[in-house]
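Asks: Take a look at the letters that make up each chain.
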Amino acid sequence: MGSSRYTSDQDGGAPGAPEPADLDGFRDRLRLFAARRLGDWTAAEDVAQEALRRALEALRDGRIESPSALPGFLFQTALNICMHRGRSAGRERKALQRFAGPSDEQGDVAQNPLHTLISSERQSAVRQALGRLEPDEREVLELTYRDELASGEIGGRLGLTAGAVRVRRHRAIRRLGELLGVTKRGERELKE
Amino acid sequence: MAKLIDCPKGEQDLSALYLAGELPEAEAQAFEKHYFECESCWQDVQRGSELRATLGNSAVASAAPHAAAIRRARSWLPLAAAAAIAFVGIGVWQLTRQSAVESSPAVMRSSVVDVLALEVSGGPQGSVDVAWASHSEASSYRVQVLGSDGLGAWKKEVSETHLKIVPGDVAPSGKQMQIQVEALDAMGQVVATSERIPLPRR
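If you're matching them up, the sequences are chains A and B in order.
Numbered according to this note's numbering, the first sequence spans residues 1 to 192.
Numbered according to this note's numbering, the second sequence spans residues 1001 to 1202.
To be clear, the hints were calculated from the coordinates, so they are not data collected in a lab.
Being a predicted model, the structure only gives us computed values, none of them experimental.
Worth double-checking, as some hints may not be accurate.
Claimed, not checked - Residues from chain B that face chain A, not an exhaustive set, calculated with beta carbons under 7 angstroms:
#1 D1013
#2 A1016
#3 T1054
#4 L1055
#5 V1060
#6 G1126
#7 D1129
Unchecked claim - Computed footprint of chain B on chain A, listed as stretches where at least three residues anywhere in the stretch have a Cβ under 8 angstroms from a Cβ of chain B:
#8 36–42
#9 70–79
#10 118–129
#11 133–144
#12 148–154
#13 167–179
From the three backbone atoms N, C-alpha and C, an ideal C-beta is built for every residue, glycine too.
Isolated chain A, as found in the complex:
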């Protein structure tokens, strides 16, 4: 039994060994995963790079036998690297504090390195795509991701049920993905 409350709907994926090209789709996942844990975009990039390097090595050695094992391998590898880095960073921080005295923690937070996770070009594209959504779709995305309101609260403001808010948001995100040229796997097949 695994520890996860969530289980994959892709169990028992396609037969055959995974290819190195299969790793490409995981780079952004690894970056976000590590960025949340380490609070540092540069460190997250390093973690992603190292996890992909180890996975490539494992693929070449035949230690990852099926495509369905690849996500789990990458997740666990990235988790281990983050844990190791957290340990080292803690020691480093203590040493720095001994030399430099108390740091300006408010300044650290204000200069949150996670703000740079999404490039300005991408943000510009997202802004343009947002502008092309229906007003009701845009509103629900803004209330969720700008104001960080829960579906129930948004529903209270808009006179909708929480379920209706989720449906509207799901539709808006799918539409946004289409406008950005990123369609979900499966949806592209349906459209063709």
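Here the structure of chain A is known, so what remains is to put chain B in place on it, guided by the hints.
Replies: Same frame as chain A, now just chain B:
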């Protein structure tokens, strides 16, 4: 094993809560594990992080112990200050009443503790593998198995960041048990604690 939760497609609050740093750490980690396998949920997380960044928030709220501790410390600061004043006041009052006052470890314990990421998985022959993130201030870790009533059923203190629990360690109760790990500093004070995670049934 029966699935506890299927793919949370449509439950879009999950990715929004995850990105806002509002999911408990154990849930966040479980969701991360899931989106490594699920393209649909990953797309939701990706669009959400782009939207957050575009609309003025950080792409994802940090769960790094340092940042989390600062967030908590800030929110607890006024309360902690009030508690400190009250504590001193009560202490002075008690000193005037009696000559000897026993200090309580529970009171001395800091209310600002970090969250410890915990990973629990079933091992061979009914064993359970437990691993957690190391904490820079920890001298040891207390691993506890708690019954459904929240009372401790078994515990062990270790210096490593992993442990294997074998079937003989914890008597089967037939009820769902939970596991929790606490990081202890050199004085035995709790400096970080994990969420309680259900122990895999054997």
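Asks: Each hint needs a verdict: does it hold in this structure or not?
Replies: Against the structure, the hints:
1. D1013: 5 angstroms, holds
2. A1016: 5 angstroms, holds
3. T1054: 4 angstroms, holds
4. L1055: Nearest chain A Cβ about 4 angstroms off; hint holds.
5. V1060: Holds, about 5 angstroms.
6. G1126: 11 angstroms, violated
7. D1129: 9 angstroms, violated
8. 36–42: Coverage by chain B holds for the region 36–42 of chain A (5 residues, Cβ < 8 angstroms).
9. 70–79: holds (count 5)
10. 118–129: holds (count 5)
11. 133–144: holds (count 3)
12. 148–154: This one holds; 3 residues, not fewer than the three required, reach chain B with a Cβ under 8 angstroms.
13. 167–179: holds (count 6)
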